[in-house]
Structures are given as structure tokens and as C-alpha cells.
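Student: Below are the chains, spelled out letter by letter.
Number of protein chains: 2
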Amino acid sequence: MAINKEASSQIKGGIFYSVGIGPGDPMLMTLKAVSTIELSDIIAVPKSGADQNIALKIAKDYISSKTIIECDMPMTRDTNLLKCCHDNAVAAISALLEQGKIVSFLTLGDPTVYSTAMYVHKGLTERGYRTEIVSGVPSFCAAAASLNTTLCEGGQPLHIIPASYKDTDSLLDLDGNKVLMKSGKSILDVRDRIKQNNLTGMMVECATMENERVYKSLDEIEAGASYFSVVLLKSNE
Amino acid sequence: MAINKEASSQIKGGIFYSVGIGPGDPMLMTLKAVSTIELSDIIAVPKSGADQNIALKIAKDYISSKTIIECDMPMTRDTNLLKCCHDNAVAAISALLEQGKIVSFLTLGDPTVYSTAMYVHKGLTERGYRTEIVSGVPSFCAAAASLNTTLCEGGQPLHIIPASYKDTDSLLDLDGNKVLMKSGKSILDVRDRIKQNNLTGMMVECATMENERVYKSLDEIEAGASYFSVVLLKSNE
Numbered sequence: 064m065a066i067n068k069e070a071s072s073q074i075k076g077g078i079f080y081s082v083g084i085g086p087g088d089p090m091l092m093t094l095k096a097v098s099t100i101e102l103s104d105i106i107a108v109p110k111s112g113a114d115q116n117i118a119l120k121i122a123k124d125y126i127s128s129k130t131i132i133e134c135d136m137p138m139t140r141d142t143n144l145l146k147c148c149h150d151n152a153v154a155a156i157s158a159l160l161e162q163g164k165i166v167s168f169l170t171l172g173d174p175t176v177y178s179t180a181m182y183v184h185k186g187l188t189e190r191g192y193r194t195e196i197v198s199g200v201p202s203f204c205a206a207a208a209s210l211n212t213t214l215c216e217g218g219q220p221l222h223i224i225p226a227s228y229k230d231t232d233s234l235l236d237l238d239g240n241k242v243l244m245k246s247g248k249s250i251l252d253v254r255d256r257i258k259q260n261n262l263t264g265m266m267v268e269c270a271t272m273e274n275e276r277v278y279k280s281l282d283e284i285e286a287g288a289s290y291f292s293v294v295l296l297k298s299n300e
Numbered sequence: 064m065a066i067n068k069e070a071s072s073q074i075k076g077g078i079f080y081s082v083g084i085g086p087g088d089p090m091l092m093t094l095k096a097v098s099t100i101e102l103s104d105i106i107a108v109p110k111s112g113a114d115q116n117i118a119l120k121i122a123k124d125y126i127s128s129k130t131i132i133e134c135d136m137p138m139t140r141d142t143n144l145l146k147c148c149h150d151n152a153v154a155a156i157s158a159l160l161e162q163g164k165i166v167s168f169l170t171l172g173d174p175t176v177y178s179t180a181m182y183v184h185k186g187l188t189e190r191g192y193r194t195e196i197v198s199g200v201p202s203f204c205a206a207a208a209s210l211n212t213t214l215c216e217g218g219q220p221l222h223i224i225p226a227s228y229k230d231t232d233s234l235l236d237l238d239g240n241k242v243l244m245k246s247g248k249s250i251l252d253v254r255d256r257i258k259q260n261n262l263t264g265m266m267v268e269c270a271t272m273e274n275e276r277v278y279k280s281l282d283e284i285e286a287g288a289s290y291f292s293v294v295l296l297k298s299n300e
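For the record, the sequence lines run as chains A and B.
Position 3, counted from 1, in the first sequence is what the working numbering calls 66; the numbers after and before it change by one each time, with no gaps.
Position 58, counted from 1, in the second sequence is what the working numbering calls 121; the numbers after and before it change by one each time, with no gaps.
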């Protein structure tokens with residue numbers, strides 16, 4: 064389904080798109096991500112250090128002279144501070160939507176998978192604005208591709224576990240394959256536990272980015288890894 | 064990273080690409096899927112009934128006059144028959160790679176997620192041919208986008224469970240959200256079990272295809288659903 068700017072502009076008020084721009088390689092953007100960015104008046108990006116520059120870098124060929132707004136999204140577990148930042152972003156973008164603007168919020172990977180964009184997305188939806196998600200390739204699919212292997216086959220379940228989950232150990236014993244997201248810093252801690260579980264561990268840092276690094280075995284890892292790390296644990300069947 | 068046909072043709076022997084073409088909407092193909100298909104000499108598709116036509120339909124704008132080969136991939140649990148079909152596909156494609164051809168095997172969604180393409184991919188890799196995976200948007204990401212909701216947030220795990228898993232019930236109790244893949248036929252059977260677990264169930268049939276249907280509640284489902292169904296179960300926190 065192509066997006067048509069004329070059709071969009073007939074709708075009262077603007078539209079907010081959470082746009083997944085994929086894992087890093089600009090060629091892994093979807094045609095829809097490109098066309099949505101191109102029809103947008105304003106490009107919003109999270110400002111949280113490295114993230115911001117990466118999103119703009121991936122999509123740079125399609126942004127050209129568009130207005131860019133940065134939304135403070137600090138990497139903190141202070142829930143009050145985060146809520147305040149999300150509320151600020153919702154307020155700023157609401158004002159633009161009231162003017163009928165089309166706003167694309169860029170997010171790495173897919174917006175429905177651990178994306179901060181969705182807090183803003185939800186806030187705008189609750190205020191009654193038109194919001195849409197443009198899917199992207201999640202980092203764990205890209206990591207498996209870089210490893211030239213599957214995430215899951217046949218009747219195998221796949222368990223996706225974020226680094227901030229409170230009880231990762233309890234899930235390592237589950238039947239099926241596991242993906243550990245953003246566990247770069249703690250990977251050395253879980254490595255020994257993984258070995259006890261008859262699992263094969265592999266890791267990709269910064270999948271499909273220029274500084275991608277592939278570890279066919281967790282034994283190759285010598286120190287904590289990048290925030291953008293995906294660990295794949297496969298059952299040895 | 065752009066793909067360059069001249070560079071590719073300097074490599075001895077051909078290249079086999081497992082190409083994810085996304086969930087259904089041709090606009091959800093990646094730029095890399097499009098360019099890989101365009102540089103290919105031959106397009107391979109699974110022949111298993113509906114699947115074949117859908118893959119060719121999604122990618123039709125980029126295939127034009129290319130040679131298309133069909134690989135028998137019947138929907139059966141007869142492992143001997145399946146192995147025979149995979150071996151036949153590997154043999155047929157090996158012959159093309161020996162001639163230096165570039166072959167793209169089209170697969171719905173992402174090739175690393177429950178794709179039959181990967182049995183052929185693995186067979187060709189084991190025979191020493193150059194094989195690569197081109198990532199695509201998985202159907203469960205597209206389903207969440209159609210529901211305008213997240214798959215997982217913050218510290219929540221996400222459990223992906225295929226319909227053919229032997230003990231789905233044991234996983235419904237797990238902490239975190241769940242995706243049930245291709246469980247259209249059995250959805251009425253698990254619905255009551257789901258209600259007992261303080262979970263909210265939603266479903267999307269044929270996400271982003273022309274005949275997409277969104278169910279905001281499993282109570283809306285009256286009969287078995289399409290093979291291309293994704294059920295999302297979210298914790299009521």
C-alpha cells in the first residue's frame with residue numbers, strides 16, 4: 064500500500080508515524096520507511112547519546128532539508144525522569160500535529176520491539192491523534208543473518224529476553240532458543256551459566272552497522288560488549 | 064552496504080540468497096531485498112499451494128522476465144518426504160550455482176524465523192556454496208503494527224511459540240508477552256485456556272496483505288482462522 068501525501072493531507076490534523084529504520088545498514092530500511100520519511104514534514108529522533116546520530120545516519124539520504132527535532136530520552140532507570148521526558152515529547156509533537164504536520168519518529172530496528180518511540184506513540188494515541196507504526200527489521204533477525212543461521216525452526220519456541228529482565232536465569236532452562244538483547248555489559252556474567260545448560264552461544268555486536276563484529280562462540284569475548292549486542296543461544300539437539 | 068553485480072560476478076561459483084520479502088505489503092520489502100532480487104539470475108520459490116503465489120505477487124514488480132524455479136515444499140509433517148524435497152531443491156540449485164548463477168529464494172517474513180528456505184540454505188552451505196541471508200520484517204512485527212501496539216516493552220520478555228510446539232500450555236504461564244504463530248486452526252482450542260491466565264488476546268490474520276483482518280479481542284473470532292495468523296497475548300499489568 065503506497066502512502067499518498069494528497070490523501071494524507073485531507074485528514075484533519077497531522078499524522079504521527081513511528082518508523083522502524085532497521086538494524087543499521089541503510090539498505091535494510093523498507094520501501095515504506097523511505098516513503099514515509101520522504102512525505103514527512105518533520106523528523107523526530109531520540110536524543111540519548113549515540114542513538115540519535117545512528118538513526119539520522121541510517122536515514123540521511125531521505126531526510127535532506129527536513130526539520131529535525133530532538134526528543135530527550137536519557138538512558139536512565141529513573142522512571143519519574145523518563146515520564147517527564149516522554150510527556151515533554153508528546154507535548155511538543157502534539158503542537159506540530161495540531162498544525163497538520165506529518166511527523167516521523169525514527170527508531171532503530173522495529174518500533175514494537177523495546178522501542179522508546181512507543182511511549183511517545185502511546186501518549187499521542189491517547190490524546191486522540193492519528194498514529195501509525197511502520198515496521199522495520201529487528202536487530203535479532205539481522206544478527207541471525209550475520210551469523211548465517213536461523214533463530215528458530217519447525218516446532219522450536221524462541222524466547223526474547225531483554226538485559227533488564229529481572230530473572231534471566233529462570234528462562235535459560237526453557238525449551239527452545241533464546242535471544243538476549245542489549246546484554247553486552249553483563250555477557251561475561253551469564254557465560255558460565257550458559258555453558259552449564261547445553262546451549263551454544265553466539266553474539267553479534269552492532270549487526271549490519273559499519274563496526275559489526277560477529278562472535279561464533281561466546282568464548283571469543285574478552286570483555287563487556289557494545290550496548291547494541293544480540294546474543295543467540297541455540298539448543299544443542 | 065549496496066550489492067554490486069560486477070563485484071559478485073568475480074567470485075567463483077554463484078551465490079544463493081535467502082531473501083525475506085516481509086509479511087505481505089510489497090512496501091514492507093527492504094531496499095536490499097529489492098536490489099538482491101534485481102541482481103539475481105534466477106528466482107526460486109517454494110511450491111506448497113498458496114505460499115508460492117503470495118511470494119511472487121509481493122515481489123512481482125522486481126522479477127519481470129527472470130527465470131523462476133519452483134521447489135516442492137509440501138505442507139506435511141512426513142519428515143522423509145520433506146527431506147527428499149529439500150534434497151531435490153539443494154541438488155537443483157547446486158547445479159545453477161555451479162554455472163555461476165545468482166539465485167534468490169523468496170521467503171515470506173524473515174528467513175531466520177520458521178522458514179522452509181533455511182533447510183535449502185543449510186544444505187547449500189554444507190556443500191560449500193556461498194550463501195547469504197537478506198533479512199525481512201517478520202509477520203509478528205507487522206501484526207503488532209496493525210494492532211497499533213507493542214510486542215514488548217522495557218524489561219518484558221517475549222515468547223514466540225509456533226503452532227506445532229508440543230507443549231504450548233506450559234508456556235502460557237510464563238512471565239512476559241507471547242506470540243502464537245500460525246495457530247489459526249487451533250485458536251478456538253486455546254482461547255479458554257488464555258482467559259484463565261489474565262492475558263489479553265488479540266489476533267491478526269494475513270497482516271498487511273490485501274485480506275488482512277484485525278481482531279482486537281479473541282472473543283471476536285467465530286471459527287478457525289487463516290494459516291497466516293498471529294496471536295498476541297499481553298500480560299494485564
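Please note that the accuracy of each hint is not assured.
[Claimed, not checked] Subject to a maximum C-alpha distance of 27 Å in a straight line, what follows is the list of computed DSS-like cross-link-like pairs (lysine-lysine):
{"id": "1", "chain 1": "A", "residue 1": "K245", "chain 2": "A", "residue 2": "K258"}
{"id": "2", "chain 1": "B", "residue 1": "K146", "chain 2": "B", "residue 2": "K248"}
{"id": "3", "chain 1": "A", "residue 1": "K297", "chain 2": "B", "residue 2": "K185"}
{"id": "4", "chain 1": "A", "residue 1": "K297", "chain 2": "B", "residue 2": "K123"}
{"id": "5", "chain 1": "B", "residue 1": "K185", "chain 2": "B", "residue 2": "K279"}
{"id": "6", "chain 1": "A", "residue 1": "K229", "chain 2": "B", "residue 2": "K129"}
{"id": "7", "chain 1": "B", "residue 1": "K146", "chain 2": "A", "residue 2": "K185"}
Keep in mind that the hints were calculated from the coordinates and are not lab data.
The model shown is predicted, which means the values in this text are computed figures rather than measured ones.
Student: Under the constraints set out in the numbered hints, which ones does this structure not fulfil?
Tutor: Of the numbered hints, 4, 5, 6 and 7 do not hold.
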